[in-house]
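Asks: Add chains B and C to chain A, keeping to what the hints say.
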Amino acid sequence: MIEVVPSEGGVVPAAVEVGLVVNGEARRLVVEPRVTLLDALRERLGLTGAKKGCDHGECGACTVLVDDRRIYSCTTLAVMQEGRRVTTVEGLGTPESPHPVQAAFVEHDGMQCGMCTPGQVVSAVALIAEGHAGSEDEIREWMSGNLCRCAAYPGIVAAVRAAAGGAS
Amino acid sequence: MSLTPAELTSSVTGGIGTSPQRPDGNLKVRGEFAYASDLWHEDMIWGSTLRSPHPYARIVSIDLTEALEVPGVYAVLTHEDVPGANLYGLEHKDQPVLAVDVVRYQGEAVALVGADHPETATRAMKRIKVEYEVLEPVVDMETAADDTPLHPGGNLVRHVPIRRGGQAPTADVVVTGRYEVGMQDQAFLGPESGLAVPAEDGGVDLYIATQWLHVDQGQVASALGMPLDKVRLTLSGVGGAFGGREDLSMQVHACMLALHTRKPVKMVYNREESFYGHVHRHPAVLHYEHGATNDGKLVYVKARIFLDGGAYASSTGAVVANAATLGVGPYEVDNVTIDCYGVYTNNPPCGAMRGFGAVQAGFAYESQMDKLADALGMDPVDVRIANAMTEGSVMPTGQVVDSAAPVAQLLKLVKDKPLPPVSTTLDLRSMPGGVSNTTHGEGVVRGIGYAVGIKNVCFSEGYDDYSTARVRVQVINGELVALAHTAACEVGQGLVTIMQQIVRTELGVQRVTILPMDTSIGNGGSTSASRQTYVTGGAVKAACAAVRDKLAKLAGGRDLSEVDLVELLGDDVVDETVEWRHRATEPLDPETGQGNAHVQYGFAAHRAVVDVDVELGLVKVVELDCAQDVGNALNPQAVLGQIQGGSAQGLGLAVMEEIQTSGGKVRNPSFTDYLIPTVLDMPPMSIDVLELADPNAPYGVRGVGEPPTISSTPAIVAAIRAATGLALTRVPVRPEHITGT
Amino acid sequence: MDFLRPNTFAEALALKAEQPDAVPIAGGTDVMVELNFDHRRPPALLDLTRIAELREWSAVDGKLRVGSGVPYARIIEQLGGQLPGLAMASRTVGSPQIRNRGTVGGNLGAASPAGDTHPVLLAGDAVIEAASARGTRMIPAAEFYLGVKRNALEPDELIAAVHLNAAPGPEQFAKVGTRNAMVIAVCSFAIALHPAEKRVGAAVGSAAPTPRHATAAEEFLAGELDWDAPKPLLDSVKRRFGELVAEAASPIDDVRGSAAYRKHALAVLARRTLGWAWQDHLGKETRECA
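Protein chains in written order, with UniProt numbering: chain A, 1 to 168; chain B, 1 to 741; chain C, 1 to 290.
One or more hints might be untrue.
Stated by the list, open to error - Which chain C residues face chain A? A few, computed with CB under 7 Å, are given here:
id : residue
1  : MET1
2  : GLY28
3  : VAL33
4  : ASP47
5  : PRO96
6  : GLN97
7  : ARG101
Said to hold, decoys possible - Every beta carbon over 12 Å from chain C, so not counted as near; a handful from chain B, in silico:
id : residue
8  : GLU42
9  : MET378
10 : GLU442
11 : GLU658
12 : ARG730
13 : GLY740
None of these hints come from the bench; they were simulated from the model. Treat the numbers as computed from the prediction; the structure is a model and nothing was measured. Each residue gets a CB set at the ideal place from its N, CA and C atoms; glycine is no exception.
So here's chain A without its partners, still in its complex pose:
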């Protein structure tokens, strides 16, 4: 079935209905096609955990999981994720029971300003699942898509290592 969503006179972008499973919950929203997944999460679903640091796929603050794989939500459109499972930092744990990666970031102080932290945390969750937490060098290579301007990198690496069970 081909879905064609026409625009009205080419001026006002047409809206498209999108269904996403966000943090385990089925959500439907109507967005313009040009709306990024990041903007849809932040502005339409009120999930402001993923951050907009560069809007360019160059900083990692917007990292989310789509069908368990980490991607930059600023360089994909919401409509392209129809039917997919999206996990943001808000979906990882609860205040009472944080995800082990979240707990490790607090424990090892893997942050300062915290603007990159949601992206770092989500990226680290994926990295561990991918099996890339074997050594500190490997963690560095596979965390290199998430910038931290405060350079809390030693704490970040320690947190990932600890969360992956490699704390020594």
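Replies: For chains B and C alone, coordinates are given in the frame of chain A:
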């Protein structure tokens, strides 16, 4: 989402000297910490800024007609709509809120649009017709003072001369050099953002990411033509600062739109606009001459330093004073001649960035020390130690350094650390070029370099530098609870943690709530100059002392440690507000640069080990070790975080970070081409922290955040020089500088 | 802006025929940057991510067909043995997040001179399978890149797949960037040995308006290398090869590097990668003779 930031009530234990978890940590890892860009208000509209595409041009006309016709547009404003004074600035009021007849840099704000959606605002901005008459920009900092005047008083913002000792000295060995520092960006990860909400009393409430609420408040009120009490600021979550949020960005703009439309207005810059939206680190050209005896004792230092302030002054004057007064580094020199100039050009405006003038001078004087060591055939660490200042040394300003200055000790500490082994495996990640597979060891040469630096802590030159803290204790549900309130900005450095630690230590209360920072309390001063633990920490400590005095009165002379405070207080509340100042400083003599201008000095030393692919000019920093005196590490983990962060930003300046301009235009306003270090670029650091208390400072603390930014850059460049044998007089060092192509 | 989301490739081709100005989008790495910063407002976007067949690869008799929608991460994981050069280049693309989304098809579609996989495709004699409602045609990589961000596709065509032989000999890829991760190429170079044909493929990236073969360098090596009795290479041969590769480039000065540096660096990369590839070849020969 609430506009008011959460009170930080996380009740982790731990007084000073421990490293409790930061009270905002759980919010940050859950994505619930509300940054300014996350704020939302019912019925809010969006503000956008039309900026000049030209570095220097006369505005012939502005036609808003078509923009106003765009459906969804609420307001289009120009300089004619600025209600109050259309000039602001940190030191000199020289920058228009919106340009009037002329634009002096690419990206200068010309008009504002308020619309129902950012997309609508973008469409409207494209319909604003601005006719420019393009003028020839002034871009050379060394000749700018004699070029076309860009401001009424000419292009010299400030000249600071330093004259100490003999002015015609001679020496056995003389080395000279010309050095250049490129324009570095703070590149905080959270671009400028804020939300202005019009209030029923005709005033405005601004929720903003900034470094200094009260200086923003004053400037905004002046531009709006309002009394201070009508302009109320609350700090939102700040996504990094590093100096780049000390000046105004969209503060006045958002308030103007809010007052004009009577609607809440949100403004958020994107990354490209952020490069135009804040000041950068001053690029510099530095001419140095060092004279020394044959056994390596410095006889004299002469320097002429040029700092490019760009189109508006911002904090150029203070940056000039820093580069001048700290211009010989942490060394004893009897004869000093320094002239430091800050100038206007049509380049992007420059102001505060971590290290603030000391970074530029540090690269030059440390390069000179290496050159001197080379000329003398001495070890570069030995020549530094031979001249290292100590407590009691006299600065080029005549000021006596009256607390610890362990320069030689810091150098010895980094020198004595074991060296990392040369990599014997073919792991691309350990090679210059990394997984890009540029070498399997070919052309790779190891180099080791050292540097040490000096930074003033707190505001200088007679500035009335203080902070205000309020501490309140009461019994809630049978538990003693303290609450601390200041206007001092938490930008990620961990001030909120330190405040809790101080209150716990001073009052013995475990549960400490930090109230949101806002202008309902007095000035907290700037989160800059490595000063908040010192000054706001001092204010919180003093407020706790005032609370203790009150409690002692309630206790009627009994020893408080033997009193049950819960019982003593009952339903009473003790609430004390204190304004706390560090010791006064003096202005510099305008002819000689003499005076007790600084409060405190901080020192750090680095050893850098690098592998350089000398054929490709690629650099891998293998290890970056640091030793720093922090007086008293109130929170050891936070201290390490500051040293790691400062060192990383120094690494960035050494090998990759530069805003490149051409004819005043920025060529790389994106994270694609303005590169900051990734986790793979930042090497392991071994850090030694000395705690030599400063008797003049609360708890003996010494500012931590900036010194490591100063010595990191020259240590890395020295290591690259050691590997290549090249002079390398400019940072960042580019591959071309190493390959000579 | 229209948004077209076909579920099959045939549907995609029909849509592209109807609306040739629709911009295909897969990983989004290039297209989204232009959209987000308003550098481009295409009348329509054609979402290729729902088309399962584009995400498949297959190998028949040593000939690989890699669907244009296979992300870099899978090329690294699944094709490193058969297409080592392509896997090496893929490992240098962006970051783990980008490699989970970005595709070779996207690299080809954008045709940026700095695209990381182009030199490998050229050196390995890749053929691009371009499809339209009118049919399918095969375009050799050497004829695919026409100019800065311009390729040989007709307006109604989409990239279906890339065809490559499983590497017949050693391959190498190297890229210069001024950061150790997440960096766009200042310049890049790929080499592929084709021992059966007694020749070498060599190509440069980010050093001319298009990625291109270093033809004179390839021809020089064809005459110098002794495939029947392989022995270690003389430095003079590697050097000359490097010079010829540098001469093949016509780079510009930009924020990422100077033209002179690019030429210099290409010569170094060519010299080194030839050494590594030939060393691999020697090792293989020795093992096979033993």
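Asks: Does each hint fit the structure? Answer for all of them.
Replies: Each hint, compared with the structure:
1. Restraint check, MET1 (chain C) versus chain A: the minimum CB separation of about 5 Å is within 7 Å; hint holds.
2. Below 7 Å, beta-carbon pairs count as interface contacts, and GLY28 (chain C) has one with chain A at about 4 Å; its hint therefore holds.
3. At a threshold of 7 Å, the smallest CB-CB gap from VAL33 (chain C) to chain A is about 5 Å, leaving the interface hint in force.
4. With 7 Å as the threshold, the beta carbon of ASP47 (chain C) comes within range of chain A, its nearest partner Cβ sitting at about 5 Å, so the hint holds.
5. At its closest, the beta carbon of PRO96 (chain C) sits 5 Å from a beta carbon of chain A; the interface hint therefore holds under the 7 Å criterion.
6. Hint status for GLN97 (chain C) relative to chain A: holds, with the closest Cβ pair at about 5 Å, below 7 Å.
7. For ARG101 (chain C), the interface hint holds, the least distance from its beta-carbon to any beta-carbon of chain A being 5 Å, beneath 7 Å.
8. No Cβ of chain C approaches the Cβ of GLU42 (chain B) within 12 Å, the least distance being about 27 Å, so the stated non-interface status holds.
9. Every C-beta of chain C lies more than 12 Å from that of MET378 (chain B), the closest at about 33 Å, which supports listing it as non-interface.
10. With 12 Å as the threshold on Cβ separation, the claim that GLU442 (chain B) sits away from chain C is violated: the shortest Cβ distance comes to roughly 6 Å.
11. Here GLU658 (chain B) does not stay apart from chain C, with its beta-carbon only about 9 Å from theirs, under the 12 Å limit.
12. Here ARG730 (chain B) stays apart from chain C, with its beta-carbon at least about 14 Å from theirs, past the 12 Å limit.
13. Its closest Cβ contact with chain C, about 8 Å, brings GLY740 (chain B) to no more than 12 Å, contrary to its assignment away from the interface.
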